[in-house]
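Model the full structure from these sequences, guided by the hints.
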Amino acid sequence: MQAKQSINDFVIKFANVNGTGSASANSMFAKAIFRMGIPVSPRNIFPSNIQGMPTWYEVRVSQDGYLGRRGGIDIMVCVNPQSIKRDVAEVESGGYFIYDSTKPLDLRLVRKDINYIGIPLTDICLREYTDARQRLLFKNVIYVGALSALLNIEFNVLKDLVGDQFKGKEKLITPNIYALELGHQYASTHFDCPIGIHLERGHKTAKHIEDFDNILMDGNTAAALGAVYAGATVAAWYPITPSTSVVDAFDKYCRRLRIDPGTGKKNYAIVQAEDELSAMGMVIGANWNGARAFTATSGPGVSLMSEFLGLAYFAEVPVVLIDVQRAGPSTGMPTRTQQSDVLMAAYASHGDTKHVLLFPATPAECFSMTLESFDLAERLQTPIIIMSDLDLGMNEWMSPPLEFDDNFRYDRGKVLSADDLDQMETRFGRYSDVDGDGIPYRTYPGVHPEKGAYFTRGTSKDEYAAYTEDGAEYVRNMDRLLKKFETAKAIVPEPKIKQSAMETRYGAVFFGTTASPAYEAIEILEKEGIDLDTLRIRSFPFNFEVEQFILDHDRIFIIEQNRDGQMRRLLLNETSVPAKEKLIPILEYDGLPVTARKIAGMIRNYITHGNVTPLTRRAAPEEVTT
Amino acid sequence: MTFVKPAFRHPDAPVNELGRTRQDYEGGLSTLCAGCGHDSISAAIIDACFELNIEPHKVAKLSGIGCSSKTPAYFLSGSHSFNSVHGRMPSVATGANLANRDLIYVGISGDGDTASIGLGQFAHVVRRNLNMTYIVENNGCYGLTKGQDSATMDTGSPNKKGDINLYSPIDLARLAIEVGATFVGRSFSGDKQQLIPLIKAAISHRGFALLDVISPCVTFNNHSESTKSYEHVRNANTDMPVDFVPMRQEITATYDSGATCEVCMHDGSVVRLYKQDNDYDIEDRQSALEATSHYTKEGKILTGLLYIQRDSEELHDVLGTARRPLNSMDEKQLCPGSRFLDSINAGLR
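From first to last, the protein sequence lines are chains V and B. Remember, the working numbering sits 90 above the position in the first sequence when you count from 1. Remember, the working numbering sits 6 above the position in the second sequence when you count from 1.
No lab work stands behind these hints: they were computed from the structure. No residue lacks a Cβ here, since even glycine has one placed at the ideal position from N, Cα and C. Fair warning: there could be bad hints in the mix.
[Unchecked claim] Distance ranges between label pairs, derived from CB positions:
hint	chain 1	residue 1	chain 2	residue 2	range
1	B	Asp317	V	Val505	35 to 41 Å
2	V	Val524	B	Glu61	25 to 31 Å
3	B	Thr37	V	Met143	54 to 60 Å
Here is the structure:
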C-alpha cells in the first residue's frame, strides 16, 4: 500500500465525544499550525447536545491558502468508539487512522488500504491520573502531543499556546505541558516520525493569503467588535445557536471598553429579551429614539421578527440584524450551516417589503460590514440584515487583520436638530421626499419644545405622518420606499469580480462562506481547461455590476448552500435576467460547509454532460487572490 | 386627518407653571365611538400632564394595536408617538427607554393588546421594572374587530350576541403585583376624580406603573348584563379616593386620619388615599392581592392605588447604565479607536 505523502497540504479530522473538552485541544492543534506560518482552517462539526453525542473537528491544512473545505479525509484521529465505524470508512486510501489502542481494534474495522497508528490513550491516562475528570480532559492533550511528533508540529509553539491559554491560571500550565510530552514521547518512541503527511514551517507566502499579518478569529466575535466600533449602545437578544456568541462577545468587549471611568457606569445596555419578537421590538424602540441598537439571531428568530421588520421597513426605523444562518426549515439542524434564509430575509414580513442584506465572507468582513451596517441603517432608515452563517460565525478563520480608520465618523443620516427645525421655512414632513432620493428626514423624540414631533405608525400615512386611507397617498409613499431601495443600490457594498485569464462565456456567482471553496473549485476547473469569471455578491439590492455580469455571460452558475437556489431566485426576481435557463443552480445543503471538490464536480458535470463544449486552454491563468 | 380641531384659544384660559394652557396638551380629534371610555382617559391624561407642568415634548407615547392604541393621537400632539404592532408595545418602550432615560414614557394598551397577544411582553416589562406608565384601557372586548370577547372578560358575563363567557378572566392588576410591579392602580374611566391623581402619581413613580382602567365599550360591551358596562362598574366600584400632591407643594387638605394613608414618593411628591379598611397595607404585595381578591369575590371592583413599592431599582439601575442618555453619546465615548484594534489583532495571531 502506498501511504499518502504531503507537506502542508492535508485534511485531518478528529472524532470526539461532545462535552469532553476536545474542542479546546483541537483548537490548540489548529492554532499551532497557524503559528508555524501554515494556512489552516479548522471547523467544529458539533451536535445539538451538551454532553455525550459524537462530535467532529475538521482541520484543513493548505499551503496554497485554500480556506474552504476540500472534501475527503487524509488523517482521522478517532477518540470516540461510538462513531468509529463510519470514521474508518471516511479515510481516503493511503491515509492514516489514529486511534486509542488501549483495547485491540475490532478486526472488522481493519482496511488494507489505510495506515493504522494506535496510541493507548486510555491506558496512559489511567496510569498517570487518578481523577476521572483529569483522565477525560488530558486524553485530548495527550493526542495533540502525539500529533506534534507524528506531524512535526514545533513543540515550543504548543508550549507557548498552553501558556497563552492558561494566562491567569498558571498552575494549569505545567500539567498540560506534561500531558503534551506524554503523547509526544509515546509517538516518537513507537513510530517513525514524522509520517508521510506532515508539516514544515511556512517559508513562502501562500498564494491565497496576502501575507502573514493574518489573524485567526471567528466571525461572530468580529461582528460584535464591528458593533462596538460602530457605537452600538443597545443590544437586545434571545439566545439561539449559532448567533449567541455575537452578543456574548459584544458584552465582553463592552465590559472592557464602555465603562465610564469617572462613574463606573455603563455606556451601553444589553437586555436578554423574553423572545426574538421582543428583542427586535427593543432594537426598534432604541433606534427610533436615536441610539444605535442591534440584535443577533438565526433563521427561527428572523421568522419571529418578521412582523417587526415590516414595521421598521414601513415606519422607516433603522435596524441592524445579524442573522447567523443555520440549517432549516423549522428547528432544522441547529448546529449545521446553510445559506437558506436569503429569500426570507430579503422579503421578511407581509405586504410589499424588501430589505437590505449584506453578505460577509470573512471575519474581516463581519467586522467591516457590521461597522458599516449602522451607517447604512441610519442613512437609509430601514433594517439592514447581515447574512452570516454558522460556518463563518462559529469557526475560526484565517483572515486579514481588522482595520479601523481613526478619521471615521458615524453617519447618522438625515436627522434634524432643534436648530435645523428652527431654521426650516417649510413645515416638517416626516415622510416627505425633500431630496428626491426617497429618504425622508427624521427627528429624535424630545428634540424641540414646539416642532418636530410626529406619529410613528405601521398604518399608512401621508407625508406629515398623519393616518390616511387615501389610495393616492398610500401609493406615493410605497413608491417613495421603492425609490429609496434604488438609492440603496449605489451605497451598499459592491460585488467582487474576477475575470478569468481566458475569455469565457461562463460565470460563477456566489456569496458568503461559499466563496472560499468556490474560488478553489474554479481553479480546479481551470486546470482542466474550464474557465469561469466569478462574482461574489456582497449585498442586496443588487448593484449595477451584478446585473451587468449576468448580461455579459451565457451561462452563470449560482453556487449556494440551500436546496431551492434562493439567491438564484432572488436574481431572477430582482434583475432583468432574460432567461431562467441562463442561471444554473449549483447547490449543496447537507448542513456541512460545501467542499471545493463538490462544486468543481457539479460544474464539470454540467459542462461535460450538459452539451456545452468547454473553451480550450490557451494561456496559463494569472494568480488569483481571494 | 379628516377631522380638524378648531384652533380657537380662549384668551383667559388658565395656564400652568410653564405658561401653557390645557389646550397645549390636547391632540387630534378622536375617531372613537361617541361616549367611549377611552376618550375620558385621554382627557384625564391631558389634565394630569397639564397639572404636572410636564413639557409635552419630554413625553414619548407608545401603543400597540386596537381602539385603545389609537388614542395617543388624541392627546399631547407635541409629543413623539409610536403606534407599534399588536401586543408588542412593551418591547418598543423598553428599547426607547434604554436609548434615552430622560423622557417620560406613557404606554397605552388595551385588554386585547395586553392580556392576550401581548401577555408575554407585558409580564416581562413588569418584571424588568421599566420606568414607564402603562395604562390599560380595559373594556373586556375587542372593539375594532366588532366585539369579540377578550381575556379580561369576567366569567359568566355575556357579550353583545348573548354568548356567555366561560373562560376565567385575567386580572392584569393582580398579575402585575404577582410578577413584581412597583406601582399598580385600578380605576374607572368614568371617575375623573380618582383617575387624574392616579395618572399623576403613576407618572411621578420611578419604575413600572400599571393603571388598569375599566373603560366601557359603548358599542359592544355596555349592555345591562355586562360586567364592564358603565352601569355595572358604577354600582360595583369600591373606590379608594386618591389625592396627588406634587413635590414642594404644601399639603393643605384635611382628611379623616383614621382612613387615610400617605405615601411619599421618591421625588418628594405625596400620594394620599382613603382606604376602605385599615387592615389593607398598600405597601405589602400579599395584602394587596388579598384585598383585590376579597372584593372580586363579593362581585365588587376595588379601585384606587392598589400597591406601591416606593424605593425600587428600575431597569437602568439594574443594568448600571450611565446617567447620561445613551442616544447622546458619540464616537468619543463609544469608539475604542485603531490602537485597541491593533491589540485585538495581535492577540489573534
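### Query
What are the numbers of the hints that this structure violates, sorted from low to high?
Violated hints: none at all, because every hint is consistent with the structure.
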